[in-house]
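S.K.: So you can see what is in the structure, the chains are spelled out below.
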Amino acid sequence: MGELHLIRDVLDEQVIDRRKRKMGKVDGLIIVLRKDQPPRLAYIELGMSTLAHRLHPRLGDWVEALGRKWGARQGTPFRVPWSKVHLLQLDLKVDLDADETPVLNWEKWLNQHVIKRIPGSG
Amino acid sequence: MRKKAFEITLGIVTSIGGFLDVGAIATAAQAGAAFGFQLVWAILLGTICVIFLVEMSGRLAAVSKHTLVDALRERFGVNFCLVPFTAELFVDVLVLAAEIGGVCLALQLITGISFPWWALPVAFLLWLLLWKGTFEIIENGTSFFGLITLCFVVAAFVLHPLWKLFGAGVLPSLPTHDKAHYWFIAVAILGALISPYLFYFYSSGAIEDKWGKGHLVVNRAIAGLGMGFGSLVSLGVLVVSALVFQPRGLQVDAYEQAALMLTESFGYWGFIFFAVSLGIACFGAALEVSLNLAYGTAQALGWNWSENEHPTQDARFSASYTVFVFAASLLMVIGIDPLKLTLFTMALTAVILPLVIIPFLILMNDERYLGKHRNGWISNGVILFIIGLAFVLAIVAIPLEIIGG
Chain S
1 MGELHLIRDV LDEQVIDRRK RKMGKVDGLI IVLRKDQPPR LAYIELGMST LAHRLHPRLG
61 DWVEALGRKW GARQGTPFRV PWSKVHLLQL DLKVDLDADE TPVLNWEKWL NQHVIKRIPG
121 SG
Chain X
1 MRKKAFEITL GIVTSIGGFL DVGAIATAAQ AGAAFGFQLV WAILLGTICV IFLVEMSGRL
61 AAVSKHTLVD ALRERFGVNF CLVPFTAELF VDVLVLAAEI GGVCLALQLI TGISFPWWAL
121 PVAFLLWLLL WKGTFEIIEN GTSFFGLITL CFVVAAFVLH PLWKLFGAGV LPSLPTHDKA
181 HYWFIAVAIL GALISPYLFY FYSSGAIEDK WGKGHLVVNR AIAGLGMGFG SLVSLGVLVV
241 SALVFQPRGL QVDAYEQAAL MLTESFGYWG FIFFAVSLGI ACFGAALEVS LNLAYGTAQA
301 LGWNWSENEH PTQDARFSAS YTVFVFAASL LMVIGIDPLK LTLFTMALTA VILPLVIIPF
361 LILMNDERYL GKHRNGWISN GVILFIIGLA FVLAIVAIPL EIIGG
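Protein sequences appear in the order of chains S and X.
All letters in the first sequence, in the order written, are residues 1 to 122 by the working numbering.
All letters in the second sequence, in the order written, are residues 1 to 405 by the working numbering.
Simulated from the structure, these hints should not be mistaken for laboratory data.
Since we're looking at a predicted model, the values are computed, not measured.
Nothing false has been slipped in among the hints.
Listed next, the in silico SDA-like pairs over lysine to any residue satisfying Cα-Cα at most 20 Å (straight line):
| hint | chain 1 | residue 1 | chain 2 | residue 2 |
| --- | --- | --- | --- | --- |
| 1 | X | K340 | X | W117 |
| 2 | X | K132 | X | T312 |
| 3 | S | K93 | S | I30 |
| 4 | S | K84 | S | L4 |
| 5 | S | K116 | X | T312 |
| 6 | S | K108 | X | A319 |
| 7 | X | K132 | S | I118 |
| 8 | S | K116 | X | T322 |
| 9 | X | K65 | S | R18 |
| 10 | X | K340 | X | I402 |
| 11 | X | K210 | S | D91 |
Here chain X stands alone, though its shape is the one from the complex (with noise of 0.2 Å):
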């Protein structure tokens, strides 16, 4: 019982230090400076269908012992996953560009020097921690650190909102102005809330972790907890982004821009953990994204594949981290603008939404792989909901956002 309670706490603290990675934090940070309160309901949509799928994976882990990936391959055959899968480890690199320079730009705004300069050695630290570390080291290590993203949450509070105007925002209304912009950042927010690596990589580490049936209560209070609080640190980010830039009429251009939306909690100090959050929260990610990519690889060609062994002992999946954590950051190297590049991975993110999520769906309602755990009717009606709209926004809003600039 003792020990259920600690995986629980464990589990939640984790999912909130980890929840923050590049794109919440640029989707969050231009949804308040251009639409005040009025997206708070983005980031709680995209919420609640991460609590739903980040349960489900943990579920389909616990029960048949196989991870997402092992069991798409498995269950509709390679001809069928060929798309998904494609379409995921392409947007995978793109995420883990953006989170590599988001690491890199946190170090520019402390150091003065351009991010490109510091992709490659960043790169190298995320290799080097992926070569030596555990699984345990890499989830719970950086994610103790991402707890000083806590800072927005107190910094929202610091600047006292007017509540009744955040609840407003609860609710979608229509924007006054800058129409095709205003859905754009819609659906940034849900492709970054939902985004398919965070919960392919839940199911592998349910695997890492040994997962059983014995699970599924730390699994629903980790998914619900961990995720529903971790969501909090999205909406201070958004509400000090709107009371800090928008009556000014800020716009976020730049990360340089958002680094200041501390300062006024916060003073000089303000900018430091501006710095320090982004440097971690995306360092935590890209680990995350790293691993997923080789976990993915490894898992759909049937390899063996553990972060808890030496490299020696799966070669085939130590090396494909090491390929993709270089690729990605060549990226930064060439000095592709981060902000640009991590809006644009957003929103393509909930464009390919339905073709990864739709067969995981049809899996959790497997009887071979998930027996009496199979989804329910409110599992399946939510996710096919949120998704649904999530795809609508995206294909009306990015040619608009394109067109408009």
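In isolation and in its complexed conformation, chain S is listed as follows (with noise of 0.2 Å):
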């Protein structure tokens, strides 16, 4: 492969695990400053506050408070080291099992609060 932009080509991507279950879009980029280094792409990061953050950082603020509060325990954001990440053609493969991360703990309590409740979810 040529080129990669990390704007166009990976922030925002569709992310993926081993076993193609959807985990997010990338909300964000961590990139580590080296001494005497060039920068590094250490992670890519998952998680609605980080996503806020880039809309505007006060949003950013309320919405990490509001996770911290009833969050279902994913009040920071959930990075993923760079190394665990493979490119497909459009999207991002992680070699992680979507259910061992914190990023489906939204999910995981909707459903067993909410969902399995209603008559007919299952």
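Relying on the hints, combine the two individually framed chains into one complex.
M.R.: Below, the structure written as structure tokens:
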């Protein structure tokens, strides 16, 4: 593969796990600065607060506070090391199982507390 | 080959049955009553535009395996997409309320019980079908029942219109009276036909049906023939309204008046046909808009989504349509006039069209997504022209309509 444009080819792309389950979009990129070395892309970040921070810092703080209070134990964004990311044609596949990460906490909480209690849900 | 032919036939039949919704009925009926055949051109222009847009959204999904919302966020980023997504979400909720209002009014016409009382039962029935149904049931089921809307086409022929006058309406002409209202109705017709929910929903449907490049011919046939024949139903409404209401100087200010448009052709049954057509057309459209709202939310945020899965498999998606259906129905519970809401929403749609469609056009010219199946200059040109026209008409006509009352 030739060039990789981080904003065009990585940020906001769909992330799927190793079982092709959707985990979310790439909401943020974490680049670490190293002394006497070029910056390095370390993680992709998934989470509502990261997304909200990109729209407006205050909105980000607000979502983060809400997440800490009611966030189904998902107050902080989830980081995936860049080494676990594989680029597909338009999506990003990560070498993880979504069920073992916190990205589906809200989905599971909603399922457990609301959806499963409604008749005919499964 | 036989499978392709079946898919095409099914697609065309469902497009015809599903073509009418509350906006198309209300705007065509008002146009016919107030201006006779003079606004036929607006229906034709809107249909041409929607054929191109639906074909494009099916092509995008078949080639890239991405829905329109997915591709928009991925291509333009969340900051850019926030405006078109929010605008679309807002308008879709209003459209959903108007469609639910259409079903409630149909029930009011038949039972005499005032429409706000029907809002929650209708919302519950909608939700139940979404909860238990599959994409196929929702896409094909209501559209087959929707074929009853062809009664407008039959009625148009029964009334023997002067086809010469009808033909004159194909070309735009200036109105002799109520100029502001004429342009407002033209804008509302364009907004009703070029409903963004239609092509957003279509791209999600193509993914649900697992379309690939082999479906490009099917896609083109469904978009062209399905939408083309579908618009005959809208034209049928306009023709019947023009022949029944205009000579008597009657305006369609309420659905109760519109309900009488078929009685001249079919007697008492005409009233029943109108109510059932309105109810089924709006119910089918309400299902599509509800799903579209949930699809859009899930795709913008990268959640799992599919109407073919049990709700437990995509809890956030199922919760989304549940919230949207009941929230929209509340607008009807409080008794907002469905006809006014419909016309306002359709005109508002025309205003947001450039916001939604220009990024779509850019996407359709992106090699990364479409490869050699990118748009040609004809698709780009036609869409730009019609959307530009609808936008200019909208920003001129809406303030005039509001000032004129």
